[in-house]
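J.: Take a look at the letters that make up each chain.
There are 2 protein chains.
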Amino acid sequence: MSHPTRTLAAFLAALDYPTLPERVVSRSEELCLDWLGSALAGKGQPPIPLFERYAQRMGPASGASESLTDRRLTSPHFAALVNAAASHIVEQDDLHNSSVLHPGTVVFPAALAAAQELGASGRELIVAAVAGYEAGVRIGEFLGRSHYAIFHTTGTVGTLAAAVAVGKLLGFDEDRFVHVLGSAGTQAAGLWEFLRDGAHSKQLHAAKAAADGLLAAYLTAEGLTGAQRILDGKQGMAAGLSQDADARYLTDRLGERWALEETSFKFHASCRHTHPAADALLALMQSHGLSHDDIAHVTARVHQAAIDVLGPVTRPTSIHQAKFSMGTVLGLIAVYGRAGLEEFQRHALAEPQVIAFRERVSMQLDPQVDAAYPKKWLGRVTVTTRDGRTLSQAIDDPKGDPGNTLSRDELEEKFRRLAAFSGAASPAEAQRLIDWAWQLREQPRIAPLLQPQMRENNSGVHA
Amino acid sequence: MSHPTRTLAAFLAALDYPTLPERVVSRSEELCLDWLGSALAGKGQPPIPLFERYAQRMGPASGASESLTDRRLTSPHFAALVNAAASHIVEQDDLHNSSVLHPGTVVFPAALAAAQELGASGRELIVAAVAGYEAGVRIGEFLGRSHYAIFHTTGTVGTLAAAVAVGKLLGFDEDRFVHVLGSAGTQAAGLWEFLRDGAHSKQLHAAKAAADGLLAAYLTAEGLTGAQRILDGKQGMAAGLSQDADARYLTDRLGERWALEETSFKFHASCRHTHPAADALLALMQSHGLSHDDIAHVTARVHQAAIDVLGPVTRPTSIHQAKFSMGTVLGLIAVYGRAGLEEFQRHALAEPQVIAFRERVSMQLDPQVDAAYPKKWLGRVTVTTRDGRTLSQAIDDPKGDPGNTLSRDELEEKFRRLAAFSGAASPAEAQRLIDWAWQLREQPRIAPLLQPQMRENNSGVHA
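If you read the sequences in order, they're chains Z and B.
The UniProt record's numbering numbers the first residue of the first sequence as 1 and each following residue consecutively.
The UniProt record's numbering numbers the first residue of the second sequence as 1 and each following residue consecutively.
Check before you lean on any hint, since a few could be wrong.
[What the hints assert, rightly or not] Quick look at which bits of chain Z chain B covers, simulated, 3 or more residues with Cβ under 8 Å:
#, stretch
1, 177-189
2, 192-199
3, 208-218
4, 245-258
Hints listed in this document are in silico derivations from the structure and should not be mistaken for laboratory results.
What you are looking at is a predicted structure, and each value in this text was computed from that prediction instead of being measured.
Where is the CB? At the ideal position from N, CA and C, for every residue including glycine.
All chains, please: the whole structure from these sequences, using the hints.
T.: Have a look at this one:
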């Protein structure tokens with residue numbers, strides 16, 4: 001019987017390297033490097049060491065898969081767990097607009113861990129990532145805005161995206177993909193409630209999505225069966241977790257539209273819902289020559305989801321929570337001209353000028369912005385100056401969006417900054433990882449990336 | 001700030017052995033043995049070996065915690081995963097009526113695995129189990145019938161129940177219990193959609209609930225923070241997963257009402273929603289001296305949840321799925337006078353008389369039964385005989401319910417039958433485990449139960 005899940009599964013089973021357009025392959029390499037930078041930057045950031053310790057306590061002391069932040073070898077389950085948590089803490093990992101899914105932080109940890117254990121090639125890793133992105137984005141779009149209002153889509157849908165990526169590495173056929181979606185979908189979880197308290201759940205969600213998806217795929221390979229219509233069945237995900245699901249998204253232009261290349265790189269080190277307003281404020285201040293002191297009030301005119309996610313955060317008490325504070329982000333932009341890792345680390349919580357600016361920022365629902373969302377994330381700010389002027393600025397493509405993407409040079413610079421921020425990789429190692437990523441399609445075998453004895457192998461291809 | 005989650009957390013933190021009534025301690029020992037029997041009976045049943053293999057592939061090759069079906073030592077994470085899956089496959093594990101939660105299959109695997117690693121005493125294990133049952137049942141009641149209509153409560157709420165039990169073993173205070181509920185609640189998952197296909201998700205749900213709850217507790221012990229109001233917050237479990245949540249249940253008579261002793265033992269080896277009708281049919285056939293051949297049609301008059309869960313199963317294709325087929329269960333009762341493990345294994349799928357009887361059974365919503373549910377699970381059947389009579393039977397306390405419970409002799413007999421069914425323990429081992437359970441409160445230290453070198457220790461207390 002044909003139904004949307006089966007159509008999606010058939011597409012995933014048929015996907016192979018020669019069918020991918022060059023620009024999709026190239027973008028996969030870029031997203032892989034960008035993800036790797038976020039994972040390295042998580043080293044030492046609370047709560048990442050807790051995940052490392054859990055992996056040490058519960059997992060094996062050796063293995064073929066690599067936990068990047070502590071450079072330990074372990075089983076794929078725990079490498080996926082730790083690397084996903086690590087890559088979702090500094091808020092620099094990629095985001096797909098219309099699905100509001102962070103695909104990289106769930107797809108790459110699971111796929112890399114499995115690829116290392118399975119000895120997959122770079123091309124197989126690329127195809128796995130593409131499968132994970134294409135499925136995850138469509139399922140996120142399918143579940144719609146009502147889902148995202150309560151659920152952290154990267155936790156819920158991320159489980160399915162990770163499962164699909166690993167399933168591709170395990171060579172699944174159409175039936176297996178249907179089963180793995182069933183077993184991943186029935187594990188899908190992640191609620192936004194933690195935001196109110198600045199709790200650690202965002203990293204837990206990414207970690208669990210990657211590990212649970214991997215678990216679903218490995219069990220499916222051994223014969224575990226799953227619901228045939230977990231997405232649109234009567235007691236499936238849409239029934240339980242959405243009020244506005246639309247099954248047409250599940251099969252939207254499969255093989256023609258590549259969701260992976262619609263994915264945005266993050267420029268600012270904050271929640272993506274703050275980026276459009278940050279870019280608009282920066283542009284406004286530059287074009288009018290304003291300093292933060294000139295500004296009496298900023299109204300960020302936003303879509304409803306920004307209010308849902310950022311609204312609970314009024315006075316941030318941790319650096320991570322500050323990344324969900326519109327006032328803090330705009331304060332950093334206004335005072336320092338950027339809201340990068342270093343600005344957050346040094347100035348987000350204690351700098352009086354930033355705190356003062358934060359209190360002069362409010363959010364307001366803008367019907368036009370809301371209507372364009374989630375396809376477009378429009379930046380609209382209205383500023384009242386101390387000398388009585390009212391100024392407005394509009395930005396339609398925030399920095400990092402497909403229409404305003406980062407170049408490979410900018411991605412390299414971002415990667416080096418992320419690696420240096422945590423010290424998880426030396427400048428020489430960072431360069432090797434950049435070279436590795438730009439040659440991903442030529443790698444004969446995905447080995448651990450930061451083990452001394454492995455460096456020879458990894459650099460061999462372009463030596 | 002006081003709120004229901006904090007009140008519940010304070011109760012859990014304060015719970016200790018001397019505060020437990022004797023009958024609660026005694027019932028804990030019975031539930032522990034009953035759970036152990038279900039876990040052993042799962043050996044070799046699909047899909048349990050898949051979980052064993054995953055644990056071997058992803059976990060360590062040694063440890064202090066025991067995977068019961070393959071007798072391997074591993075870390076608590078994987079012992080909890082395998083034992084929970086195993087104890088939820090033969091449909092003999094306990095059930096709490098008004099929460100529609102199977103507490104044993106999630107609480108005991110997590111608590112036993114942690115107790116073995118931590119070297120906890122029997123009394124500490126008992127207190128942990130009580131904490132898990134008391135919290136789990138109240139959270140299940142809180143989420144209500146709308147939750148259970150879509151979600152497998154044992155998967156969702158089971159994650160919190162398991163987390164609480166392990167948190168108790170880890171010595172959590174009130175704050176830690178609030179955090180662990182947050183981190184467990186945000187992982188809560190499990191959809192009924194798999195029932196339609198007879199897929200393996202029911203075991204996956206139990207396995208994941210136990211392991212995820214344990215993960216939440218171990219991470220919380222190290223400092224992971226969670227949402228403060230995951231249950232009733234604006235973007236918490238009730239908001240996302242229920243339409244009829246009632247926060248009063250969360251703190252219902254804490255310390256006075258003991259939910260653990262309201263838990264039912266399962267007599268028939270099938271979904272609990274079939275039990276009231278099975279008992280009613282058996283009583284009717286006995287009182288009227290009917291054989292299965294005398295019966296033209298049975299109408300099981302049931303509550304709505306029975307239709308939600310059993311309705312999708314029309315023609316079962318696996319033994320496990322047959323346990324969710326009202327027709328098959330009543331067919332086994334009618335033909336063999338019982339619906340135990342052996343009857344399912346031998347006759348549920350292929351015996352023509354059972355299949356023929358199955359086709360003569362229908363379910364009908366009964367407003368009186370539905371109004372009493374979930375507090376009471378009433379059994380009502382109407383039978384039309386081939387000679388034209390219409391007969392009815394009512395049962396108010398199905399066999400195994402608190403009002404019609406199993407004696408220790410009956411529990412021992414059930415346990416021996418479960419162990420013998422799979423061959424997971426020899427008769428001598430089964431006797432040792434019975435002795436161990438009846439002395440649980442005197443065990444100085446919970447060691448692995450089936451390791452050759454451990455038998456001395458475990459039997460030492462009553463030698």
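J.: Confirm or reject each hint.
T.: Evaluated hints:
1. 177-189: Check passed, 8 qualifying residues.
2. 192-199: Answer holds; 8 residues pass the 8 Å Cβ test.
3. 208-218: Holds: 4 residues of the stretch 208-218 of chain Z have a Cβ under 8 Å from chain B.
4. 245-258: violated (count 0)
Hint check: a violation occurs at hint 4 only; the rest are consistent with the structure.
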